[in-house]
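Engineer: Heads up: the sequence lines are chains A and B, in that order.
Taking numbering that gives the first Met the number 0, I'd label the letters of the first sequence as residues 0 to 252.
Taking numbering that gives the first Met the number 0, I'd label the letters of the second sequence as residues 0 to 303.
Among these hints, one or two may not hold up.
When the alpha-carbon atoms are kept at most 16 angstroms apart in a straight line, the in silico EDC-like pairs for lysine to aspartate or glutamate are as follows [stated by the list, open to error]: (1) A:Lys77 - A:Glu141; (2) B:Lys210 - B:Glu165; (3) A:Lys77 - B:Glu267; (4) A:Lys78 - B:Glu165; (5) B:Lys80 - B:Glu1; (6) A:Lys114 - A:Asp42.
Where chain A lies over chain B, by a calculated footprint (3+ residues, C-beta under 8 angstroms) [said to hold, decoys possible]: (7) 33-43; (8) 61-72; (9) 105-115; (10) 119-128; (11) 172-183; (12) 268-276.
Hints were generated in silico from the structure; no laboratory data involved.
Backbone N, C-alpha and C fix where the C-beta goes; we use that ideal spot for every residue, glycine too.
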Amino acid sequence: MKTRFALVIAALLAACSPAQGEDLVSGLSQDVIQITSNYTGTDIVVFGAIENRSVLAPNPADIVVLVRGPDVDMTVRKKERVAGIWLNNHGVVMEGVPAFYFLASTRPLNEIASKATLARYGIALENLEPRADSARTAAIAEPYVRALVRHKTLEGLYNENIAGVEFLSPALFRTRVPVPASVVRGQYNAQVFLFRDGAVVSAQSTPLFVDQTGLERRLFNFAHLQPLSYGIFTVLMATLLGWASSFFFRRNA
Amino acid sequence: MEIYLPIAEMSVHWLVVLGMGGAVGFLSGMFGVGGGFLLTPLLMFYGIPPSVAVATTASHITASSTAGALAQWRHRAVDFKMGGIMIAGGLVGSFAGVWLFGILRRAGQIELLVSGGYVILLGTVGGLMLNESVRTLTAERSGITTRKTRHHNWIHGLPLKVRFRESRLFISVIPPVVIGFFVGVLSSLMGVGGGFVLVPAMIYLLRMPTKIVMGTSLFQIVFVAAASTILHSVNDFTVDIVLAFILIIGGAVGAQFGVRAAARLRGEQLRLLMAILVLAVGARLFYGLVAPPSDPFSVAVGMP
Chain A
0 MKTRFALVIA ALLAACSPAQ GEDLVSGLSQ DVIQITSNYT GTDIVVFGAI
50 ENRSVLAPNP ADIVVLVRGP DVDMTVRKKE RVAGIWLNNH GVVMEGVPAF
100 YFLASTRPLN EIASKATLAR YGIALENLEP RADSARTAAI AEPYVRALVR
150 HKTLEGLYNE NIAGVEFLSP ALFRTRVPVP ASVVRGQYNA QVFLFRDGAV
200 VSAQSTPLFV DQTGLERRLF NFAHLQPLSY GIFTVLMATL LGWASSFFFR
250 RNA
Chain B
0 MEIYLPIAEM SVHWLVVLGM GGAVGFLSGM FGVGGGFLLT PLLMFYGIPP
50 SVAVATTASH ITASSTAGAL AQWRHRAVDF KMGGIMIAGG LVGSFAGVWL
100 FGILRRAGQI ELLVSGGYVI LLGTVGGLML NESVRTLTAE RSGITTRKTR
150 HHNWIHGLPL KVRFRESRLF ISVIPPVVIG FFVGVLSSLM GVGGGFVLVP
200 AMIYLLRMPT KIVMGTSLFQ IVFVAAASTI LHSVNDFTVD IVLAFILIIG
250 GAVGAQFGVR AAARLRGEQL RLLMAILVLA VGARLFYGLV APPSDPFSVA
300 VGMP
């Protein structure tokens, strides 16, 4: 008798608080991107499902997918005219800027959650900030930040895709992430957030690796780890090819 | 077919790169020049970062000058003693050049240096060549021949004189060292061989016999370009071996066609064509410096 009562209470509780128990499962179509000699960019798919989806919830759940590349330092310079010639000035340094940034959501971000909430999870590009000691106030740096976002967007490295998350069924969703040829190597992170009523109910993070492979990787490592040998090797290759061409074409002539 | 360049970290169309190497090789075979001063701007127009363009061209020059120097050596047209002294100056010069290159790269001014340097270089060389070829062509038409006078200049007053048997000269080692140094700096800063500076300097300043000038300058360029390649690899990590390989292959084939084409054209006409080409490339780079940029902002990875 007592246990049956407890079960009824539990069932009632579950019905009254619909958010409870909702969970996310997500995955990537591939967790390693290999840059080979004919790599010209690729697409990965982030997909997932909402588990224990509460049918009784008055508002629909929102999904935000955020894929972030390795953090790098970037210098944004502005050309200024000096004596008729356009020169780069000193510029603004930005530390810890993502080399790759992709964002997709089910609705415009401001409808999903408040700015403060989004900022807490690093969602939205406007949260980029220049380094404090670059001796420029935020007001001066602002056009530089916008220029950075504009440049990276043109290169396909930054992408904010409102309504880019597609629901295949009420619980099943996916989004396509275009990865251009100019991505840098390193560890990326694909984060999926489940929002309900302006708050994060569940989140999941999956690492994604971008790496050069085969000959490209070996050459890159060779050039960076043993630069002297690499230089000598390049010179040897050049002189050999030069010698071979003079030898080959002399016999031909 | 796109190919990924591991050092430039971008993908390019390998046929386009092969074609660029071939076109520059053709011109260099036709006009008897190294072609580095055309290749670096061409790579930049294609979107290769200036620092990679300069450093990779140095390895291309190493290959083309090796082929050229070997051909001249077979004709016994190399003064090894003179060349060796110039190499000594050239190696110091390329050290200085790569050091300066690194400073400017970190300051974000490499584009200005390379473009600005090329405008001055191509403008001067192209202007001189145009002037000379136009004068020769008009002089030919009016039937006037100019006679060269051979007289001693200030160079003969310098100390540390050495005898150069192949050049039939007895002069100080200071001018060859200084010329070598200057060409070394130019080579590593701009990705050129420097033949267009070396050859006139050897003929007009050192008064070397014309028939050994080409071989000796190529001999010097092999070593200075090789040194620049190695120093750029160590200092800037900007030599792209895949890009270099395609360019060298294209250049070697193109040069053979260039040599054949040159046989059908007259020397003065060739020089006029070359002058126009050099001036056109210079004008294009100059336009890039003075025209208002479509976007004044640029983004570079890393800190200055």
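Engineer: Give a verdict on every hint.
Structural biologist: Each hint tested on the structure:
1. A:Lys77 - A:Glu141: 12 angstroms, holds
2. B:Lys210 - B:Glu165: Roughly 10 angstroms separates the two Cα atoms, so the pair holds.
3. A:Lys77 - B:Glu267: Roughly 45 angstroms separates the two Cα atoms, so the pair is violated.
4. A:Lys78 - B:Glu165: Given pair lysine 78 (chain A), glutamate 165 (chain B) is violated - Cα atoms ~52 angstroms apart, limit 16 angstroms.
5. B:Lys80 - B:Glu1: 46 angstroms, violated
6. A:Lys114 - A:Asp42: Violated. Lysine 114 (chain A) to aspartate 42 (chain A) sits at ~29 angstroms, over the 16 angstroms cutoff.
7. 33-43: violated (count 0)
8. 61-72: holds (count 9)
9. 105-115: holds (count 5)
10. 119-128: Result for this restraint: violated, n = 0.
11. 172-183: That given contact is violated, which follows from only 0 residues of the region 172-183 of chain B lying within Cβ reach (below 8 angstroms) of chain A.
12. 268-276: violated (count 0)
Violated hints, in rising order: 3, 4, 5, 6, 7, 10, 11 and 12; the structure is consistent with all others.
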